[in-house]
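Protein sequences, first through last, are from chains A and B. Using our numbering, read the first sequence as starting at 1 and increasing by one per residue. Using our numbering, read the second sequence as starting at 401 and increasing by one per residue.
Read the hints as simulated data drawn from the structure, not as lab findings. Each hint should be verified, as a subset may be incorrect.
Using 27 Å as the maximum straight-line C-alpha spacing, the simulated DSSO-like pairs for lysine-lysine come out as follows [said to hold, decoys possible]: (1) 504/B - 517/B; (2) 532/B - 417/B; (3) 354/A - 436/B; (4) 467/B - 354/A.
Among chain A residues calculated to face chain B with C-beta under 8 Å, some are [stated by the list, open to error]: (5) 20; (6) 23; (7) 25; (8) 213; (9) 217; (10) 243; (11) 350; (12) 353; (13) 377; (14) 379; (15) 382; (16) 387.
For each residue, glycine too, the CB sits at the ideal point set by N, CA and C.
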Amino acid sequence: MTDSIPTDSVGLVKPQVYKFDEPLTLRSGKVLPEYELVVETYGTLNSKKTNAVLICHALSGDHHAAGYNSEADTKPGWWDHCIGPGKAIDTNLFYVVSLNNLGGCAGSTGPASINPETSKYYGPDFPVVTVRDWVNSQLRLMDRMQIPEWAAVVGGSLGGMQVLRWAISYPERMRHAICIAAAPKLSAQNIAFNEVARHSITSDANFREGRYLEEGTYPKQGLMLARMVGHITYLSDSAMRAKFGKSAPDFEQETSENFGRDLRSGKLSFGFDVDFQVESYLHYQGERFSENFDANTYLLMTKALDYFDPTVDFEGDLSKAFENSDCKFLLMSFSTDWRFPPERSREIVNDLLKAGREVSYLEIEADQGHDAFLLPIPRYVKALSGYLQRVHQENESNAS
Amino acid sequence: MRPDLEIIQQWIQPNSKVLDLGCGDGSLLHYLQATKNVHGIGLEIDAENIQHCLENGTNVIEQNLDKGLSNFRSESFDTVLLAQTLQALSKPDHLIDEMLRIGKNGIVTFPNFGNWKSRLYLASRGRMPVSKFIPHSWYNTPNIHFCTVKDFDALCAEKNIKILARTVVDLEHQGSWYMRAWPNLLGEIAIYHISKNTD
Chain A
1 MTDSIPTDSV
11 GLVKPQVYKF
21 DEPLTLRSGK
31 VLPEYELVVE
41 TYGTLNSKKT
51 NAVLICHALS
61 GDHHAAGYNS
71 EADTKPGWWD
81 HCIGPGKAID
91 TNLFYVVSLN
101 NLGGCAGSTG
111 PASINPETSK
121 YYGPDFPVVT
131 VRDWVNSQLR
141 LMDRMQIPEW
151 AAVVGGSLGG
161 MQVLRWAISY
171 PERMRHAICI
181 AAAPKLSAQN
191 IAFNEVARHS
201 ITSDANFREG
211 RYLEEGTYPK
221 QGLMLARMVG
231 HITYLSDSAM
241 RAKFGKSAPD
251 FEQETSENFG
261 RDLRSGKLSF
271 GFDVDFQVES
281 YLHYQGERFS
291 ENFDANTYLL
301 MTKALDYFDP
311 TVDFEGDLSK
321 AFENSDCKFL
331 LMSFSTDWRF
341 PPERSREIVN
351 DLLKAGREVS
361 YLEIEADQGH
371 DAFLLPIPRY
381 VKALSGYLQR
391 VHQENESNAS
Chain B
401 MRPDLEIIQQ
411 WIQPNSKVLD
421 LGCGDGSLLH
431 YLQATKNVHG
441 IGLEIDAENI
451 QHCLENGTNV
461 IEQNLDKGLS
471 NFRSESFDTV
481 LLAQTLQALS
491 KPDHLIDEML
501 RIGKNGIVTF
511 PNFGNWKSRL
521 YLASRGRMPV
531 SKFIPHSWYN
541 TPNIHFCTVK
551 DFDALCAEKN
561 IKILARTVVD
571 LEHQGSWYMR
581 AWPNLLGEIA
591 IYHISKNTD
């Protein structure tokens, strides 16, 4: 457990569940008759209701973005270094709303929930949800919470795609769109990695065509492998060299590095077991992830990524999609991100410019690859903080 | 405000769209937004400057001018500004073409290397001028393409660019009759308002 909760933490938070009875028609045409969304909030909504910020999570994220759910928690929420009193997303100034998306496995309705029509687990029968469906469900949540407009919608990676969808579909309900380490749509390479991940899950004998919960099995190996592949794409070559190359002998460090080839036990096994630290790290990450994540949700999330293409209604022209997006935009990318590299963010920026939108863009030097969007990179956090301070000042001056 | 910026702002129309190439800390755009309701975007590469822009609410894009402006549509801005940046570009002539493609008009300011101080420095010492105004040595200067008022006039003539207005000032941005009479000799900062020649 934590020795004591830090003073710049939002502290103990209790997730709330919002139940929606009105059916939600999904992009696929399928209808979700009812659903629940689990939500955490940090800070206080001001009397004019102008200071709400929506956090959109990425592939494996959830509603627990900051603080602790119990005294026994060893770790805070996934974006705790950015959300809290005095932090970049300052809970002294903003009312922060963070939810688990539909199809998730952290409390919102998803494949591991019980289907009310059959009284069994949804499993593979849970409909494929898209970024657009998430944003529609977030809009309903917003209405339920009686928030007229977001001061900002913020997200990284798949979360950034939700930000873009918000700005395209509901620009009148937000003033700022903050989109970090995202892409206008996935490349063939991105989809290829996702397919390897999916195939490793679906080909696990314990997957049972997605009905593993009903059948009391679990495709642990498949999910592990999926995460291991995914994890490689989140890191950069330089990040891996640094992380797994700590024991390079001095003489090597002077001339070159050891390329992150630290051995786990100090010598080669001449077998097919784990020899290098990087292997053991990936095994550990996969193992830990497979214990906390639902395999069907992983399939859904990767499909949502693959299907994301906001240009489908605009003849393939993203600038047309942004024609009515009169919120302000901040985009950021990271130099060593090869999953959604800076060029992909620049594509978005250029289409925003083409559409005559107000946009700011930063390309942050960072060694950590795609993962950087979740890490406390000083320039990145400072920029986010500076931008949001400005958003707050605008709020104040509009109110007076 | 920096001397050249004070003069520039007089040439910017209220409610117009302004692209500021090398916008620094965004103070000019910030001022134009506040006083003229200008819709502005700045391009900048210095991280600290970019942070200032974010903090004062100026739209800023991290973009290297030497890599071109092909991401901007033709005639998508009213005015394109290039203040004290011309001399640091790898292809200044090309960028001026781009400015007048993107904007209906352009404003360019640069340190006038034809100023008598530079001439005297070079003539008397035989070395590249270093001054308070141009503080770098030849080997570490970001300013790789110095020009004079006469040089810039010649470039405009060659490119058939219309000079809507030209003024020169000293470092305290004071203009005077003698500077107007001998701009290339006495002006320290040259300020041009230009457009494509449509005649």
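| field | When the least beta-carbon distance from residue 350/A to chain B is tested against 8 Å, hint result | value | With a closest approach of 4 Å, the residue 350/A hint holds.
| said: A closest beta-carbon separation below 8 Å is what the hint needs, so does residue 20/A meet it against chain B? | reply: 37 Å, violated
| query | CA of residue 504/B to CA of residue 517/B, is that 27 Å or under? | reply | 35 Å, violated
| field | residue 25/A as an interface hint toward chain B, with CB separation required under 8 Å | value | 37 Å, violated
| message | The hint names residue 217/A as touching chain B; please verify it with the least Cβ-Cβ distance against 8 Å. | response | The hint is violated - residue 217/A has no Cβ within 8 Å of chain B, the shortest such distance being about 50 Å.
| query | For the pair supplied as a hint, residue 354/A and residue 436/B, is the alpha-carbon distance within the 27 Å limit? | reply | 23 Å, holds
| query | Is residue 467/B within 27 Å of residue 354/A, Cα to Cα? | reply | 18 Å, holds
| request: Go through the hint on residue 243/A and say holds or violated, using the shortest Cβ distance to chain B against 8 Å. | output: 25 Å, violated
| field | Minimum beta-carbon distance criterion (8 Å), residue 213/A to chain B | value | 47 Å, violated
| message | Holds or violated: the hint that residue 377/A contacts chain B, with Cβ atoms closer than 8 Å. | response | 12 Å, violated
| query | Under the criterion that the straight-line Cα-Cα distance not exceed 27 Å, is the pair residue 532/B, residue 417/B satisfied? | reply | Judged against 27 Å, a Cα distance of about 34 Å means the pair is violated.
| said: Using the nearest Cβ pair, does residue 387/A come within less than 8 Å of chain B? | reply: 5 Å, holds
Against the hints set out earlier in the document, violations occur for numbers 1, 2, 5, 6, 7, 8, 9, 10, 13.
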